[in-house]
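Enquirer: One-letter residues, chain by chain:
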Amino acid sequence: MRLSEFIEYEANERAERRRLAAKKSYEILDRLEGVDDQFADVADDGAFGSVSPSIFVGRAGYPEVSTGLLSPVGNEADAAQFATSGEWYTEGVSIGDVFERRTSLLNASQSTPVETNVHDAWNGFLGVQREVAIADRPVGVEVGLDGTPELDVGLSPGDVSTPTGPRARANEATLTENPHVPRPVEKTLEDDDWAATGAMNYLYGRGFDVYEINTILSAGALGQQDNRRLVPTRWSITAVDDTIGQFLRGKQRSAPSVDTVQVFHNEYLGNSFWMILAPGQWEFELVEFKAPGSVWNPDPEAGIWLASDYEGKSGRTSYVDQTAGAYYAARLAVLEHLDAIGRQAKALVLRHVSDEYWGPVGVWQVREAIRHAFDGERGESETFDAAIRGIVDRLPVSMAQLRRQSTLAAGRQSGLDAFL
Amino acid sequence: MFKAIVSADTLTDALDSVSVLVDECKIRLNEEEFSIRAVDPANVGMVDLSLDAAAFESYEADGGVIGVNLGRLQDIAGMANSGDLIRFELDEETRKLHIGIDGLSYTLALIDPDSIRQEPDIPELDLPAQIVLEGNQLDRGITAADMVSDHISLRVDEGSEAFYIEAEGDTDDVDLELTSEDLIDLTAGPADSLFSLDYLKDMNKAIPKATEVTVDLGEEFPVKLHYEFAEGLGHVTYMLAPRIQSE
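First to last, the sequence lines map onto chains A and B.
In terms of my numbering, the first sequence has 114 at position 7, counting the first letter as 1, and numbering is strictly consecutive.
In terms of my numbering, the second sequence has 373 at position 237, counting the first letter as 1, and numbering is strictly consecutive.
Hints were generated in silico from the structure; no laboratory data involved.
Predicted model, so just to flag it, every value in this text is computed and none were measured.
Beta carbons: idealized from backbone N, C-alpha and C, even for Gly.
A portion of the hints provided could be inaccurate.
DSS-like cross-link-like pairs, simulated, lysine-lysine; straight-line CA separation at most 27 Å [to be verified]:
1) B:232 <-> B:139
2) A:420 <-> B:337
3) B:162 <-> A:420
4) B:162 <-> B:139
5) B:162 <-> B:337
6) B:341 <-> A:420
7) B:341 <-> B:162
8) A:420 <-> A:358
9) A:294 <-> A:358
Which residues of chain B face chain A? A partial, calculated answer using Cβ under 10 Å [stated by the list, open to error]:
10) 256
11) 286
12) 334
13) 356
14) 382
Could you build all of it, start to finish, from the sequences and the hints given here?
Expert: What follows is the structure in structure tokens.
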């Protein structure tokens with residue numbers, strides 16, 4: 108006997124998906140079109156041949172990390188589109204698409220102590236994994252599995268992270284082709300006297316996007332010899348956003364300031380972003396408004412959830428408290444725009460997460476939405492204050508609430524030279 | 137030429153007031169006084185310090201300028217016990233400063249003054265309100281505000297003749313009211329400005345708690361904090377640029 112037999116109620120599809128996501132239930136995939144059980148064949152004989160566009164280093168169990176080869180078994184022809192990249196935005200993938208792509212990647216993994224120095228790991232499973240990481244296109248692999256793939260969507264309210272595909276322990280892996288490695292990546296790989304930050308900045312300067320750099324960092328394929336370690340994927344993403352961000356910030360230290368207050372906007376995957384750039388020395392703040400019913404604030408009865416982090420002219424000395432990786436992704440996107448126009452600015456990013464954001468897709472979504480906002484239309488405002496007032500009408504908070512939460516909304520730092 | 141003897145306490149008070157803003161500074165060794173003026177790299181906070189020759193046990197100088205690493209100098213001064221005397225003698229040839237503390241001698245390499253940030257011009261400010269209070273009253277307001285926010289508002293209410301230290305955090309508020317009776321002195325005027333607590337906290341650290349602090353305040357204008365040390369022979373003025381709400 109079920110309650111629904113007595114009470115009429117409207118099933119809420121979003122709420123149901125959220126419930127399944129919170130339960131880490133793989134049933135969530137039944138609610139996404141086009142996800143089949145494509146791993147059934149793999150499970151039978153324990154070995155498969157496929158291609159691998161990327162790797163994954165899991166942080167669960169740290170300091171033991173799980174290090175895995177990702178393969179879109181059965182979809183080899185389109186392997187490249189399964190690796191997270193900025194192209195997902197231009198393609199216009201939906202949240203469902205992200206879940207589908209992520210969960211279509213079989214993660215053949217082994218567990219490795221994180222202190223393992225991978226400087227010279229060219230053999231065995233770690234070697235294959237590293238070759239995949241440094242290659243600029245999917246690499247053919249043959250993998251032997253020990254056991255059947257286990258499904259784990261990997262969502263829980265306390266630790267919201269993007270879904271990963273089924274995982275299986277790998278016995279062995281071999282390459283079935285010679286991977287193609289771009290010249291600059293070979294250079295950073297071979298120079299084991301080159302500190303990781305410098306090597307990352309070099310690759311970025313040579314046109315590699317943060318997605319490629321973080322895979323290489325994650326495999327421990329750059330940096331000084333003694334420091335080459337596996338880096339959990341989630342941490343490496345933030346490390347690269349932060350490193351490249353600081354590099355761009357350094358270039359702008361003496362740049363002239365923007366001369367007007369400008370407002371940019373973009374919407375993507377249930378997230379709305381407003382960026383205000385204003386004249387003056389660098390300050391940056393990300394303020395997030397998470398609607399009840401969105402992934403981090405699942406209780407529909409809860410109020411709006413506010414979070415913010417800030418840095419002044421001299422930058423941050425500690426990891427952010429409230430906004431995690433989104434802060435560094437947003438800051439990078441803003442700094443890239445300022446770098447392109449050769450200016451510095453005070454920058455406030457407001458992110459409204461609506462209840463349409465039912466599943467976490469990863470910080471690439473923040474990075475790309477903001478990057479593309481700067482290509483779009485801009486508004487101009489007389490003052491910073493007027494710009495904020497204009498935006499507040501579209502946010503679920505009052506001006507007073509925003510002022511309490513946001514350092515920049517409360518007041519922008521002036522310099523003594525303004526009073527000479 | 138520079139040759140001086142000073143008590144460790146006086147020297148430490150002087151250095152602490154500057155090191156909260158900068159790591160390196162120029163010291164002007166004038167005939168009548170020893171002085172430092174420095175601004176932080178973001179041009180937000182400034183310090184102007186002078187120590188009269190009379191504050192030293194002995195003092196001889198002829199107007200030279202030296203550049204020092206403040207952290208290094210503080211470490212050396214830290215080797216002295218309270219009440220100890222510290223001797224300085226500048227070697228013009230080698231551009232090194234010889235420092236002696238009770239049998240210990242230290243030779244400090246100086247920094248080329250030209251390589252240190254230029255000393256700032258001091259803005260001429262006509263600030264309408266003046267508050268005179270004890271260092272510990274200011275400290276109480278700043279410490280409480282820091283529990284809820286990263287910025288602080290300093291305000292004078294002309295009607296009620298009172299000075300307010302206020303902070304609004306994400307959820308909590310702090311409000312310290314000091315009426316003209318609580319204060320040593322108050323000249324009321326239109327004054328309401330917001331400041332970064334990062335800076336104000338650092339400045340507050342250097343202000344002796346038992347001392348009298350004079351606060352000059354305006355509307356969205358820099359604040360001036362003035363106090364004396366070394367029995368009135370040392371003077372410090374801080375100036376801090378506000379966080380602006382209206383523009």
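Enquirer: Let me make sure I understand: some of the numbered hints might not hold for this structure. Which ones are they, in numerical order?
Expert: none
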